[in-house]
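Engineer: Keeping their order, the protein sequence lines are chains A and B.
Be aware that the first sequence starts at 1, since it is given in my numbering, and climbs by one per residue.
Be aware that the second sequence starts at 1001, since it is given in my numbering, and climbs by one per residue.
These aren't lab readings, by the way, just hints derived from the structure by calculation.
All values reported here derive from a predicted model rather than from experimental measurement.
Quick reminder that beta carbons are idealized off the backbone N, C-alpha and C, glycines included.
Hints should not be assumed to be uniformly reliable.
Facing chain A, according to a computed beta carbon distance under 10 Å, are these residues of chain B, among others [what the hints assert, rightly or not]:
1. T1061
2. L1067
3. D1248
List time: in silico DSS-like cross-link candidates among lysine-lysine, alpha-carbon distance up to 30 Å [stated by the list, open to error]:
4. K1080/B x K73/A
5. K1080/B x K153/A
6. K1121/B x K1131/B
7. K153/A x K1121/B
8. K118/A x K1131/B
9. K1131/B x K1117/B
10. K73/A x K35/A
11. K118/A x K73/A
12. K118/A x K153/A
13. K1131/B x K1080/B
14. K153/A x K1082/B
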Amino acid sequence: MNSQPQSQIAKVTVRGLTMAYGPMVVMRDLNFEIKDREIFVIIGASGCGKSTLLRHMIGLQEPTQGSILYDGKDFTGTDPSDRSAFIHSFGVMYQSGALWSSLTLGENISMPMEETGKVPASTLRELVAYKLSLVGLSGYEDYYPSQISGGMKKRAGIARAMALDPDILFLDEPGAGLDPLSSRRFDDLILRLRESQRSTIIIVTHELASIFNIADRALFLDIATHTQGALGNPCHLRDHSENPAVRLFLNRGETIVPPPP
Amino acid sequence: MTTEVLQRPPLAVWTRNADECTLAVSGHWRREGPRVEVTGAPPDQFPAHYETGGLGDYDSTLPAYLLACLQAIIDAAGDKSKRPVLGDLPDNLRGLLELALAVPEEGGNNLNPPPDKEIAKLGAESINVWKSAQELVDFIGQAVLSFGRMLTGRAHFRPTDFWHTLQECGIEALPIVSLISFLMGVILAFVGNVQLSNFGANLFVADIVCISMVREMGVVMTAVIMSGRTGAAFAALLGSMKANEEIDALRTFGFNPFDFLVLPRLLALVLMMPILTVYANIVGILGGMLVGYFVHIQPALYWTETIHSVDLTALSLGVFKSVFFGAAIAVCGCMQGMGAGNSSSGVGQATTRAVVAAITSVIVIDSIFAVIFTLLDI
């Protein structure tokens, strides 16, 4: 992981993606690329399809049209049963944490490692302790998800998402429901993970502070037109986007900065 | 790459010069690669220098190993505020270790630490058993109070909920009750016929089937079916509602969750159980009659024998018991559901406990009635 040259091919390429639930189109014709080691956020109003886009990107839903490529390889064109190579390079943190409630936190993290390869028991213990330490949950290996708070579940969720040292980390609303300090720690963690693990990080979030803190680029999904509203650096979009809905969103509806001349 | 990994196994070499200690790490550190080869004993002090010149490719295995070593030194020193110098490490490794060694915000906030000693587990389990007994008494008490509130018009629940539950407990249960009762009648008739035909008294198959079904088998089998079907459904539904905080939401609107959720289910099952029992008795007798036809007992004769075999008292015994069975099943299902843990596994456990508790209580209640009826000579 530390000696790989940065790829010139986009890490993720989304081409002409249309997402729909039956006849109801959620978003049409999305086109964007995500670079290697980029922190990319997907933003938009509630219900615009951010989480749906994430589900399409990790293969839980199939697109109506268009394709998603990872390192130039077609993901959506691959049969779902042959996607294991793609899937093993993903780490996903779900909105609620989605920890397996019948397993302890330690088992939640060790199970993916045990099921995908043979890992010595002592290494496994060290890895579990390390992943939990990264999210500030050192010593919670033997706790069940029902014994910890909502914020801790989220952090355990990210520790589990990192279990297999993924190339691409998908985080669904990581900051929602966290106190400011935990939220800040999350931001730190994400930045450090990008630097240390060389992961590409894709985040669905509403947390403006986090977006401006950590995001390299943001994709705005426009709920009014069901299309891609804007793509670019969030600070730039906030002040200079041609789309008023984007400026309104990134300024929390308080100050509508006039469009650039 | 696998060959390369095997060629350069992960190495950790601890060396001590004067008062300083150095850790040299080299090779490929991979989760699924060979085990780490450690040379020299990890010291009781933090390494002053790190050598990473021969370090190849690595994943989380390397920072995990370093963290385990540093943590062991911190724990041995007994001073949690002690922080190692990580200066020589590459930036990315240093960043990760600094983050992992940062004191968590909730340090000391160990809510409900799990009991680690066997005796503590036994104690916790004993207290749980006592608490469960108290909860059962409390729940039955609440059920009685809730019923009282209903009689005085103070209990509030949605009538549609009640009618819907009535439908679920009643007409929707008919297919399975029919099948099981019919087969019970068939089995009783077959077994009875094998024995009675030895004495040329196979007409009395009708008596065996009718008395067994009406007094015991009809009501007990219906109760077992309803425990597995309806009691489990009550526990799963209420358990899911609890996990989703829907029950708390009812409370915040001032609704009594007991009146709102438990009472309609209790009433529905208590009302439906006698009807299902009578239905099960009839279907069971018809099953026996079918077997009787095949062993040359004319249906008219079978029917006459059936009618003469039981009186109103015997008929009413099963129906009487069914009311208690219905109440027991509803109480077990609703109580386990309302007391479920706030997780998906909690709901599963509640459902299992509800079925086991319902069937057990049905058998216990039936045994008590058997003793009482024998004493009363009925």
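Engineer: If you test the structure against every hint from before, which numbers come out violated?
Structural biologist: 3, 4, 8, 13
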